[in-house]
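Protein chains in written order, with my numbering: chain A, 1 to 80; chain B, 81 to 486.
The hints are simulated quantities; they were obtained by calculation from the structure and are not laboratory data. Check the hints yourself; a few may be wrong.
Partner residues are not named here, just some residues of chain A that face chain B (Cβ under 8 Å, in silico) [said to hold, decoys possible]:
no., residue
1, Phe6
2, Lys7
3, Ala10
4, Asp21
5, Asp25
6, Ile30
7, Phe40
For each residue, glycine too, the CB sits at the ideal point set by N, CA and C.
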Amino acid sequence: MLVDEFKLPAARLVPEAKLEDLGVDSLNQIDLIFKLEDRFNLKIKDDARKLVTIQDVVGYIDELVAQQQTRSDQPGAPSA
Amino acid sequence: VAITGLGVISPIGNSIEALFSSLSAGKSGIRALPEPLSRSSQCSIGAVVDLPSRDDLPKMRLLDRVSQLTLVAASQAVADARIDFAAEDRDRCGVAVGTGMGGAKTTDEGYYTLYWERSDRIAPFTVIRAMTNAAGASLGLEYALCGPNLTYSTACSSSAVSLGEAAGKIRTGDVDVMLAGGSEAPLTAGVLRAWDAMRTLAQVDDNEPFASCRPFAATRSGLVLGEGAAFLVLESWEHALRRGASIHAELIGYGLTTDIEHITRPTVAGQAKAMRSALRSAGCAPDEIDYINAHGTATVQNDLVETLAIKEVFGEHAGGLPVSSTKSTHGHLLGAAGALEFTICVGCLERGWIPPTMHLNAPDPACDLDYVAEGARSVTSLRVAMSNSFAFGGTNAVLIARRYER
Numbered sequence: 001m002l003v004d005e006f007k008l009p010a011a012r013l014v015p016e017a018k019l020e021d022l023g024v025d026s027l028n029q030i031d032l033i034f035k036l037e038d039r040f041n042l043k044i045k046d047d048a049r050k051l052v053t054i055q056d057v058v059g060y061i062d063e064l065v066a067q068q069q070t071r072s073d074q075p076g077a078p079s080a
Numbered sequence: 081v082a083i084t085g086l087g088v089i090s091p092i093g094n095s096i097e098a099l100f101s102s103l104s105a106g107k108s109g110i111r112a113l114p115e116p117l118s119r120s121s122q123c124s125i126g127a128v129v130d131l132p133s134r135d136d137l138p139k140m141r142l143l144d145r146v147s148q149l150t151l152v153a154a155s156q157a158v159a160d161a162r163i164d165f166a167a168e169d170r171d172r173c174g175v176a177v178g179t180g181m182g183g184a185k186t187t188d189e190g191y192y193t194l195y196w197e198r199s200d201r202i203a204p205f206t207v208i209r210a211m212t213n214a215a216g217a218s219l220g221l222e223y224a225l226c227g228p229n230l231t232y233s234t235a236c237s238s239s240a241v242s243l244g245e246a247a248g249k250i251r252t253g254d255v256d257v258m259l260a261g262g263s264e265a266p267l268t269a270g271v272l273r274a275w276d277a278m279r280t281l282a283q284v285d286d287n288e289p290f291a292s293c294r295p296f297a298a299t300r301s302g303l304v305l306g307e308g309a310a311f312l313v314l315e316s317w318e319h320a321l322r323r324g325a326s327i328h329a330e331l332i333g334y335g336l337t338t339d340i341e342h343i344t345r346p347t348v349a350g351q352a353k354a355m356r357s358a359l360r361s362a363g364c365a366p367d368e369i370d371y372i373n374a375h376g377t378a379t380v381q382n383d384l385v386e387t388l389a390i391k392e393v394f395g396e397h398a399g400g401l402p403v404s405s406t407k408s409t410h411g412h413l414l415g416a417a418g419a420l421e422f423t424i425c426v427g428c429l430e431r432g433w434i435p436p437t438m439h440l441n442a443p444d445p446a447c448d449l450d451y452v453a454e455g456a457r458s459v460t461s462l463r464v465a466m467s468n469s470f471a472f473g474g475t476n477a478v479l480i481a482r483r484y485e486r
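In isolation and in its complexed conformation, chain A is listed as follows (with noise of 0.2 Å):
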């Protein structure tokens, strides 16, 4: 997504990679927020915890998904 669509050279996509230095400052976030939302079908809340580099958006995306998952997997929770 960063490269397809904020076109960040991809080489410069490490883990440990701050957003704001690769150019994608606080209004930014937010749009990536809205592409995340889409892409992965989450709800990310406006309280969400500070995410400062690639590894801190990852992560959160991993827990959010897998904390989906488990909602689904749970008997009796609502079909999508």
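Model the placement of chain B on the given structure of chain A, informed by the hints.
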């Protein structure tokens, strides 16, 4: 006020050179709109700019097409003026933009998401892309100009107003330099349909779609919407001389009046007053005007009223005064029209010729001025030119430029 830089993105050329080459050949930029836009209104044509939107560039991601056109046109003007803003007092440099519809494409897309797709996924940049001052803001950021950053929205006279007001700021000494002009990107389904609903758009000439806009003709049937942007670098005369700038022409007159009778119907008195006011501010007698670039929208009302207003102001001089409407080829750029047409006036003063009113084969007997229908005309003595811009809402704005005598 010195005019030291010109830049243009228009349906008949994306540079000053291309624009004037089209104007001299009478080449029209009016053509069939791409699908599916062509099906959004009865009027399937528009004056389209050959410049793809660049949402793929990081800098452009935040910008509606109206702001993208702004940045590209203004960059030409800045390069042409050879002004280095880093060497200027940035607090004394500002921006003035005229736009009628602002970020119309973004607004349209937002409504599409909300009402058609029945989704709440409105893109997060909708506000900053669509806000009417987005184009001006993008210029202020691009060149780091800390002086006034103003947006004027007076429909079809927006950018004539932005130029006139910018020149005023320079005259009073508030600023040294203004990057001023206008931009419009109205070719969206919603805007086209809305103008169509007003019954102001031209009937498409099926045989010659490019000739559908026929100002002052008996067969005129309305305007053709166009997109584009034109920007000028304006600076105080002393400032321009001090930095050794090359001067295109001088902005010497600006008149601004308002019609109060009706929201759309123009009045002879209001237009005449605006022209007289511009003449007064320029210190010009009517017979000193050598050329008028008319508002000339090709609506039944405008062209007749403007003709009568010109006769009232110029009296006997009107008979020998060339008047042309370049909208016949570049269409109606709404909020960008005034800046584009004033830019055309400036370029004509430098080149010594007048662009024609095209497609005027069947003149309206009531429109009986010299509309330069035969093609571009060489006028080597061309010294002072007037540009008319009249608007829905009644804002009449008139600008006057004088050739720079080197």
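Practice problem: Check each numbered hint from earlier against the structure, then list the numbers of those it violates in ascending order. | Solution: 3, 4, 5, 7
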